[in-house]
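Produce the entire structure from the sequences given, and follow the hints as far as they go.
Residue numbers (my numbering), protein chains in the order written: chain A, 1 to 237; chain B, 238 to 1121.
FYI, nobody ran anything at the bench for these hints, they're computed from the structure. Note that CB positions come from ideal geometry on N, CA and C, so glycine has one too. Treat each hint with caution, since some may be false.
Claimed, not checked - Beyond 12 Å from chain A on every Cβ pair, some chain B residues (computed):
hint, residue
1, 470
2, 606
3, 609
4, 718
5, 738
6, 746
7, 747
8, 808
9, 840
10, 1023
11, 1026
Claimed, not checked - Not the full set, but computed from the structure, chain B residues with beta-carbon under 8 Å of chain A:
hint, residue
12, 745
13, 748
14, 1020
15, 1022
16, 1025
17, 1028
18, 1029
19, 1031
Residues per chain, in single letters:
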Amino acid sequence: MPRLEPLVDVLRAGRDFSQAGRRVYALRPATCRVLPGELIALVGPSGSGKSTLLHLVAGLDRPSSGSIAWPALGPGDALRPGKLAFVPQMLSLITSLNVVENVELPLLLGESAGGEGVGSERAAALAALDRLGLAALAERLPEELSGGQAQRVAMARAIAGNPRLLLADEPTGQLDQANAAALLDALLAFAGRHGTALVVATHDAGVADRLDKVWHMAHGQLDVSAVGAPALAESAS
Amino acid sequence: MIGLWLTGPLTRRSGRLLGTAVGVALAVALLAGLGEFLAASSASMTLQAVASLPVDWQIQLAAGADAAVVSAAARAAAPCRALQTVGYADAAGFVAETGGTVQTTGAGKVVGLDPSYRLEFPAQFRSLTGSLGGVLVAQQTAANLHVAVGDKVTIERVGLPPTDVTIDGVVDLPNADSLFQAVGTPPGLALQAPPDNVLLLPMAAWHRLFDPQAEARPDSVRSQIHLGLSHERLAADPDTAYGQVLGAGRNLEARIAGSGILADNLAARLDAVRGDALYAKVLFLFLGAPGAVLAGLLAVAVAASGSGRRRREQALLRARGASTAQILRLAGAEASAVGVLGVAAGLAAGVLVCRFLFGIPILGRMAFWWLAGGAIAGFVLTGAALFVPAWQDARRMTVARARTPTDGSARPLWQRLYLDLLLLALSATAFWETAASGYQIVLAPEGVAASSVDYHAFLAPTLLWIGMALLAVRLLAIGFERGRGVLAHALRSVAGRLAGSVVASLSRQRVRITRGVVLVAVAVSFAVSTAVFDTTYKTQTLIDAELTNGADVTVAGTTAAPAGGMLAKLAALPGVAAAQALQHRFAYVGTDLQDLYGIDALHIGEATRMSDAYFGGGNARTTLAALAGTPDGVLVSEETVTDFQLQPGDQINLRLLNLLDRQYHKVPFRFVGVVREFPTAPRDSFLVANSAYVGRQTGGTASENVLLRASGDAASLAAAARGVVVSLPGAKVSDVGSSLRLIASSLTAIDVRGLTGLELAFAVLLVVAATGIVFALNLADRGRSYAILTILGARRRQLSAFLWSEGLLILIGGLAIGLPTGFAVAEMLVTLLTAVFDPPPQNLSVPWSYLAATGIAMLASTFGAVLVTEAVAERSAIQQLREA
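Structure follows, in structure tokens:
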């Protein structure tokens, strides 16, 4: 079996900030890697550094120390859109674009979409919405959506470009149990179909249970050795 | 709590609050600066007007009236600094025999003056030759009689034998109009030209010669009391000062009823100046008010650009249990902080601009009220921009509505009622009505204390501004609704494949975009209209200066020593583009002596401007061609046409001085057209004829004057010309610059120049602020959207596509609407304010360099705003993620 090239290779990457003259460590030096097709849950209490790690892995932020590489995806400034998609926790949709326009936006931003014309992006966006059962909301504006609907639209936007690595920050945080399960079903089905690796920061034990690996974070420290997601309820609280 | 709350906006939203404060400061500075300027110039108008007046009151004594009693009454009616009795006697004519010829004039006047008169009223005379004591002869009379100091003149008394006097000096009477005015006739009813022949005698001699005449012919001799009033207590405002003086004059009339009649020169002068002061106020309203309103709109727009954030913050406060009263207290504290900052900065800027740009040192009572008014306006504006929206939100808001909404699509009532088109139609109608009816915008009837401004005239430009702004809103709404495809196509070069998304995004923010476009359009139109008006005014001032001086450089000789003899030498000077000779003679039209100008009608325009406005037919080329085609043709003033009921082609017999026999002879001319103004000509009646014909008929072809058009600096050319005519006795060389300084020191000119200077400076600031600050703040408010784009992987150029599309849309939209509106408003202003132009402009003068500089400032402002936002958006994506 050929050795898989990692999508992300994090080597003793840390992130700290200066706050009121004091150094705050959001992420202490961490080492981890994500292989193609891996399904990883990132769990830990609020403020433990989950979002910081996701931002670094998404190439949105740079580590203060250590390094991050994307061997199978290419240079860090060419990850998004296309190879890597990131679904933030709150900052999701552009309010002046309707649902389908929001979803097709990363396709239009992509270099590869070159001469295919707007029609193909619109079709891909509608297909992504359809996969998450959101086709009926295509023409609605974000202000007309509930928080949960907006989060699902953001997920549709992430999968519309068929990324090889999808990072999601609390994707089911605003969903009821049924909708959360349905979203996760769709996400796993998509990942399975396209071989997309998932890294999902979550408080939801149900979500973590359905993923292959669980990485724990506490006080900015990443622990990738643990298996399963014990005491999620406590950590979430 | 308030202190804690204010810390947030002052540290994290300082840009928006600062922007609002800048808008408030601009409005306050404009109001305070213009107001202070207006107050100062009104005061200077009064001072200048009364300072240059030779005699304030002339009281004509009734027959048998006691001069001492009337003098005492005058002193009681108003504090005076000088009082003199002056005698006036009619003479049937003067005769002088010089150089073997006898010269005889028509009727004349002999004035008797006390020797101290010239000390108390020094502006009445200007000594040309000889002394200022003894018998003086007026310059024109001396020329008519060919007399000089030491010559004898015979006075032909009325009803008595003639008597001889010896001339001691020749004087100029610069205020002959008022010195010889017809006292007691209603103003304008019996215009009286000053006599052509005047002798001035010491009072003792006058009494000796004319007391007998007074007994023989009492109607031919009269006395006046001339007064110089004390001006210390006069009000600074010309209108108020006019009321004061008029009241004092009426008081005197009541005291001396039956003993004398008052000619109130001071009131008449203030009467004219108060018209200027009213025009200055009108200009303030026409030119200044739109600027202040625009600055106010700017402040409101800047404040409104933060409305989304304010709503979210209010919702947050509400969610934390804050009451409406508490929320309003916080909003009030924020508005107060911005208000204090904006008003303080505005007042300081207004005072500094006036002090250092226009050298206005005073902070008098009128200026204080303007500053106070500006401050109040600033606080009201801050309240309207910050507190009122917060109050409205606090009343209506729920937490759910705090989400950032996109713009609604419902058409407002005014659009459904077509209010914009209605206002434009009303504006056109109002303009047509006011412009076509030959109205006067400033009504300050002579002799009436009450004055007024025809505020209806403001209706047309006001409705045009509002109508155009609303039309812009409608057109943009239509464009966003139906023109998305066209817009996407247009933006493809900027946004590429994202054009559709960009247009979709822009169209859903149409209220915000429209606000930006309208604000830029109003700013551009304000700058354009002010600049065009200003340039047109300056151009007309230059034309006026050229008209007064004659040409860029005028060499004035005399009939005895004509400058025309030096024409070839003058034309050969370096820096001369063209040279033309101009005869200046005198001719009697009936009994009226008028200036006569002899020209080469086909070529005079090469050396000096021949504006269409100078001629009755409104066409300089045609009129001059008609004159050139009629060798004995003459152009006369409208007054002469009316007085003599002339028709084109009519023969007019004029009496011209023959240079050979020094006698006036009848010369036939043919009336070919009307001339209103002409280079070097006086404001009243004059004649223009062909120089060749005048030369043939008067026995002398010499031209007294030479007009030079300069190809470079007129002052240098004038200096060179002085060198050429240095040997010519009495020759004077003047350049257009000196006339310009003379004209520019007149009252209205000062006001308009200063006012528009202030306006132009503010216009650039407002345009830059409108394009830059508002755009940058709008973009800052959408930082969230740009952060999402960054997270999705938008490259810098793709992010730029959104930014530039909005920037260009606002810029191009604002220019497309603002430029034509600005020119339309300028055309309207120039037409409505025709009275401040002399002569009236034929067309608008466009200040291309100022407009280009303003355009560059706009572009730079937009570019700067986009580039800064671009950098901030990229950097702040992670910050936004953390804050989310």
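Which of the numbered hints are not met once you compare them with the structure shown?
-> Violated hints (numbers, rising): 5, 6, 7, 10, 11, 13, 14; every other hint is consistent with the structure.
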